[in-house]
Amino acid sequence: MTRQFETNDPWSPAGQRLASRLLLGSAGYPSPAVLGEAIAASGTQVVTVGLKRTLGSGQGTAAGDNGFVAIVRAALQANGARLLPNTAGCRTAHEAVTLAHMARELYDTSWIKLEVVGDEYTLQPDPWETLAAAEQLVRDGFNVFPYCTDDLVACRRLLDAGCAVLMPWGAPIGSGQGLRHRDALRTLRERLPDATLIVDAGIGAPSQAAQAMELGFDAVLLNTAVAKARDPVRMAGAMAAAVRAGRDGFIAGLIAPQAFAVASTPVDGRPFLL
Amino acid sequence: MTHDPAPVLVNGTPQPWRDGLSVAAVLAERGDPREAVTTALNGRFVPRNAREHTLLAPGDALTLFHAIVGG
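Protein chains in written order, with my numbering: chain A, 1 to 274; chain B, 1 to 71.
In case anyone wonders, no lab produced these hints; they're calculated from the structure.
Check before you lean on any hint, since a few could be wrong.
Unchecked claim - Per the computed footprint, the stretches of chain A lying under chain B, defined by three or more beta-carbons under 8 Å from a beta-carbon of chain B, are: (1) 14 to 27; (2) 96 to 102; (3) 105 to 111.
Where is the CB? At the ideal position from N, CA and C, for every residue including glycine.
The shape of chain B in the complex, shown without the other chains (with noise of 0.2 Å):
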């Protein structure tokens, strides 16, 4: 008997996990603009240019922020 491998986490977000998924990849599919967002897996920052070679396993946590106004 076989498992699906559990999905990863985007923002909280479960969404299905396959082999070679990549932070870069899950921007893409998102729609997010690439300087518009900046990422964190499992809570350690990933810089722009390491999203490709950055790859998700079963159950990563990929946090994405954007610009907002502050104090």
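Chain A extracted, bound-state conformation (with noise of 0.2 Å):
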């Protein structure tokens, strides 16, 4: 009979307790259908959400992104999940810090997931930006959750403002590559022992979430590997299947590696020479 390891293992970013250590995104899907399939096979507790400039008259307004975000909310109401709003698009610290009120009064949620950009081909996260506006959201009583790259120094800085969690990079967003950086993930997991940490952006691959974990990140976010895959649905669900076993791995503790071949069989030297 195969022992059934029950994660039992919630987190608690904000101090929200979750069981779910996958955070999806929620843009690119083919359908609304497909979107809110995806949420339920993830298992997913935080989806991600944005916010866009109005076109037109204000005749439906409220459907004028064709359904998506009432799918999201009936996905999350029927999971218990919450709503993660982003600053994406902004350039600087007053654009985001404007953005974050917006969003909290359009998603009634005080989490922000705060997002200044300062390349434009990278994608890469502004540190100085994300850091102004992070002081100030703390200040405004929001829990931020800044996008950041694995700069240890740039982290440390926005736990000092208070941030709930960090999101440090992957890869750029989008991107596919996976950990890019893997040894700066790895010293800013052991540098930053006690805070909530999520790999964010550029998880292409089950494999890669499941290395994340294996880590000891908290969490993975991830939107593009699963919106563009084939099957969504299926994705979705392989990786929560991957994050549950890097987590697991990471509680069951990995071996470290050795440069030689150790032998695994305990056989006394070589079976025909008595």
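Need the complex rebuilt from these two chains, each delivered in its own frame; the hints are there to steer you.
Written as structure tokens, this is what we have:
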């Protein structure tokens, strides 16, 4: 009989107890129905959403996204999950602070994924503007989840500013490159043992999500790898399984790599040399 | 010689200004459901409960945002 290890291993970003360690983005799915099924298959309890400038007249504003957000809200209600609005598209702290306040009103949550981009090609976050925005938003009562790089000192400054969680990138957004700087992420985990750390962006494969969890990260946030998969619902389930496997691997304890072979079968010497 | 006052910009589209024009009035004329949009005036957030008494001046820029999917 297979012994099932129930990963009774909740975590508490910003004081909210959650069982799932997979956060899912809601953009780029082929249809609202597929998005809803992917949310269900992933078991996620945190889904990211955005804000967009309203075009044209107000008629039909509520359904201006063709019903995707309504599906997210319905899926979350069924799942007991939370929304995590972002400040995507912002280039300055001032923009991000304004957009965060708008998101809090629109989505009725104080959680904010703070995104302030400093480079158009890599969409790399701007550490100075991100920190300035984080300081202001913490003063304004937000639970700030900043999208950041794996720079240890920048991350420490964000924690000092009162951020609830840090979300270092694995690789540029949507690139699917996985963990480009695994050593830097490992250092981050080692040097910030008490921080809640989520690898956000760049994850393209379940194996990469598992790697992040094996490093001891608390959770993984991804979007494109699921939304653009040939079968997003199946990929959502695969990512959930990978995150669980990686987390269990971390808790179980990975063996230390060795430079040479270490015989696993406990024989004494060579069988035919008596 | 008098000049017409500068229009206001609603999401970048010019719209005639008039004395006493509030953020709430702009939304009502557009037909935006009250809770479906969130607003900023000249880059500063205007909360729902301030829309009635927040008046636009000629040349002001009102920006409206709504919920969308995101990563």
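Against the structure, the hints:
1. 14 to 27: Check passed, 3 qualifying residues.
2. 96 to 102: Answer holds; 4 residues pass the 8 Å Cβ test.
3. 105 to 111: holds (count 3)
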